[in-house]
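Number of protein chains: 2
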Amino acid sequence: MPVFRADQLARIATGIFVAAGSPRERAELVSEFLVRANLAGQDSHGVIRIVQYVKAIEHGDIKPGAKIEVVRETPTSALVNGNWGFGQVGAKRAMEIAVEKAREHSVSAVCACNLYHVGRLADYTQIALENGMIGIAMANSTKRVAPHGGRESLLSTAPVSFAFPAFEEKPFILDIATSVCAEGKVRVMLHKGEKLSYGYIIDSEGNPSDNPEDLYRGGAILPLGGDLVGYKGFGLALAVEALSGILSGDGCAYEARKKGNGVFFQAINLESFTPVDGFKRQMDGLIRAVKSSKLRPGFEEILMPGELEFRTEQKRLKEGIHVPEKTWEEIRNLADRMNVDMVSLLEHD
Amino acid sequence: MPVFRADQLARIATGIFVAAGSPRERAELVSEFLVRANLAGQDSHGVIRIVQYVKAIEHGDIKPGAKIEVVRETPTSALVNGNWGFGQVGAKRAMEIAVEKAREHSVSAVCACNLYHVGRLADYTQIALENGMIGIAMANSTKRVAPHGGRESLLSTAPVSFAFPAFEEKPFILDIATSVCAEGKVRVMLHKGEKLSYGYIIDSEGNPSDNPEDLYRGGAILPLGGDLVGYKGFGLALAVEALSGILSGDGCAYEARKKGNGVFFQAINLESFTPVDGFKRQMDGLIRAVKSSKLRPGFEEILMPGELEFRTEQKRLKEGIHVPEKTWEEIRNLADRMNVDMVSLLEHD
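So the sequence lines, in the order shown, correspond to chains U and Y. For the first sequence, the residue numbers in my numbering are 13 to 361. For the second sequence, the residue numbers in my numbering are 13 to 361.
Please keep in mind that the hints were generated in silico from the structure rather than gathered at the bench. One or more hints might be untrue.
Which copy is meant is left open, because identical chains are indistinguishable; a pair holds if it fits in one copy or across any two.
[Claimed, not checked] Lysine-lysine pairs mimicking DSS-like chemistry, simulated, CA-CA at most 30 angstroms apart:
{"hint": "1", "residue 1": "79", "residue 2": "182"}
{"hint": "2", "residue 1": "270", "residue 2": "292"}
{"hint": "3", "residue 1": "330", "residue 2": "306"}
{"hint": "4", "residue 1": "338", "residue 2": "79"}
{"hint": "5", "residue 1": "207", "residue 2": "75"}
{"hint": "6", "residue 1": "182", "residue 2": "303"}
{"hint": "7", "residue 1": "303", "residue 2": "197"}
{"hint": "8", "residue 1": "306", "residue 2": "182"}
{"hint": "9", "residue 1": "271", "residue 2": "306"}
{"hint": "10", "residue 1": "271", "residue 2": "330"}
{"hint": "11", "residue 1": "204", "residue 2": "303"}
{"hint": "12", "residue 1": "204", "residue 2": "182"}
{"hint": "13", "residue 1": "75", "residue 2": "330"}
{"hint": "14", "residue 1": "67", "residue 2": "303"}
{"hint": "15", "residue 1": "204", "residue 2": "75"}
{"hint": "16", "residue 1": "292", "residue 2": "207"}
{"hint": "17", "residue 1": "271", "residue 2": "292"}
{"hint": "18", "residue 1": "79", "residue 2": "197"}
{"hint": "19", "residue 1": "182", "residue 2": "207"}
{"hint": "20", "residue 1": "204", "residue 2": "292"}
{"hint": "21", "residue 1": "182", "residue 2": "75"}
{"hint": "22", "residue 1": "270", "residue 2": "330"}
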């Protein structure tokens, strides 16, 4: 597998998006987010998306220069229309607005609609974090998940993200689907030709399945809680649909019109509630307490949300990012077709 | 089993709390919330708590006349100190403040600390709902839940509640623990002398257990997601600890000082984002879409969050509330000891 530094991949992605008609600044932003996903080990949200995004630009599904409009606003809230620009561009702006509003008014909520794929929610809650605030994010997308007891996919994987700053410990950044797994997990197993554990998906008849193919033959992912208490993940997914799909005006997963992501973002200013350093030190205490728990048989440590991703990032920053042959070939062919000079982009220091 | 109307139980509870030293208005509020839990079928949060609350008053753990103080406030946020009054009284006030603030400022966040048991979170998100708003609530409490991979209980069951108004459909009210189950579920099985399914709890060695007794012998409840993806419920529980335990100043489940509930409430004013009727009609659409899903084998219908509780309420309003002999005997003995005239309270129309 070819191995690249993060900056090499980012330059290549940027070069391709610019050649496809994107303003440079936006191309750089999207590329940075894609490469950050690769660094974190979440390759399904990484440079593998370059080809998809360029196709979307060519089909008019992404309008790279689209104006981001604030269509409704109060001192603490905003509704952002991404006008089908890159999802990352509209979503980043939405969280920046949330942070600006929370800085002055303690708490804010910002919805955004008409966004192409926004990528990982953690990238947005992290913006609140970098501003010393709590970040909350939810998103819906197209249908992949069955309601508890049902066998039709009618809900999205409905991810949520929470970010809290800590003092000496690494910040707490949670980013999870409210289904048993994200669609990417099933797709990866499909590509590897491996079976899933039971408990992730059902086939088109509603029976438990370990075959990833079944998801793409009319099956569905189960809501978090699975057979035992799937009504919990089902309820959470509905709440995410309501906040990021309905309140945003973007539409629900079950609707035929649905494409892209609707998002619901919040920023909360710690200062309005409690001394900031005290909050961060108590986060340290919580993290240390759970990490030092006695372990269950079969476990070697307690991992905090985001901890594995952080370690992968450290490793990949040092050792580089492996890009699968097939993905790399697709990217190279695309660059050739668009007359992007890969060699000079790779050489650059 | 003795059967009573809701109003009879509410008068009895009120009479006892007043005799124990509570201001009448607060006694009525707490009694209403307890009986409402019974009506919804959540008997573990119902009149069974009367005896516990009176003991707590006698031990000084509940100060029924405690002043509820707003100790920190901005136009959109507040920190409420319940000063160890009834949890319900402080929590209700906190959500009322959240609603007042969101009415003027679109979105609000209110934390409360030093609350005795607040009961069901749905009672508070419902207050936002009755005001035409979205309600969000989270709470932490004492430790019962293991971190994913750990065998010590260090987290609380960390419930969350979301409420959204609908147009013709019943409103959407979710109220779930972010652990596989609430502690009450295990206790009920223990009292019935029945086994649990595997997947709810572990014993003190961290092994899966179906014996409810194991929870009370050093075991723990598993986070939502269980063995398969328990890191998800673990992450959600940590987020709830941070918002309702740390931001509120109430403390985390793992801390020795922890008692009662810390809460984090939000109200969101629909009008700031979207026309209210449009939102409600889209909630109808979402509810109808998921309820009409084709079913999995073994299921007879798709139940919305809160739907079962609503049906139980309709039934119990008509047929009355059955109180187990043991619970009723305890309440009668308590009333006798406190010279509360049960007969006249029961006779009253």
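Hints, one by one, checked against the model:
1. 79 x 182: neither (36 angstroms within a copy, 39 angstroms between copies)
2. 270 x 292: between (39 angstroms within a copy, 19 angstroms between copies)
3. 330 x 306: Cα proximity of residue 330 and residue 306: none, with 32 angstroms in one copy and 50 angstroms across.
4. 338 x 79: Cα proximity of residue 338 and residue 79: none, with 34 angstroms in one copy and 67 angstroms across.
5. 207 x 75: neither (38 angstroms within a copy, 58 angstroms between copies)
6. 182 x 303: Within one copy, since 12 angstroms is at most 30 angstroms while 42 angstroms is not.
7. 303 x 197: Both: 26 angstroms inside a chain and 27 angstroms across chains, each within 30 angstroms.
8. 306 x 182: within (21 angstroms within a copy, 45 angstroms between copies)
9. 271 x 306: between (45 angstroms within a copy, 23 angstroms between copies)
10. 271 x 330: For residue 271 and residue 330, neither the intra-copy (37 angstroms) nor the inter-copy (46 angstroms) Cα distance is at most 30 angstroms.
11. 204 x 303: neither (33 angstroms within a copy, 35 angstroms between copies)
12. 204 x 182: neither (33 angstroms within a copy, 45 angstroms between copies)
13. 75 x 330: neither (35 angstroms within a copy, 59 angstroms between copies)
14. 67 x 303: This pair counts as neither: shortest intra-copy Cα distance 44 angstroms, inter-copy 36 angstroms.
15. 204 x 75: neither (33 angstroms within a copy, 62 angstroms between copies)
16. 292 x 207: neither (42 angstroms within a copy, 42 angstroms between copies)
17. 271 x 292: between (38 angstroms within a copy, 22 angstroms between copies)
18. 79 x 197: So residue 79 and residue 197 fail the 30 angstroms test inside a copy (33 angstroms) and across (52 angstroms) alike.
19. 182 x 207: neither (34 angstroms within a copy, 41 angstroms between copies)
20. 204 x 292: Neither. Shortest intra-copy (42 angstroms) and inter-copy (44 angstroms) distances fail the 30 angstroms Cα cut-off.
21. 182 x 75: neither (37 angstroms within a copy, 40 angstroms between copies)
22. 270 x 330: The answer is neither: 40 angstroms in one copy and 43 angstroms across copies each exceed 30 angstroms.
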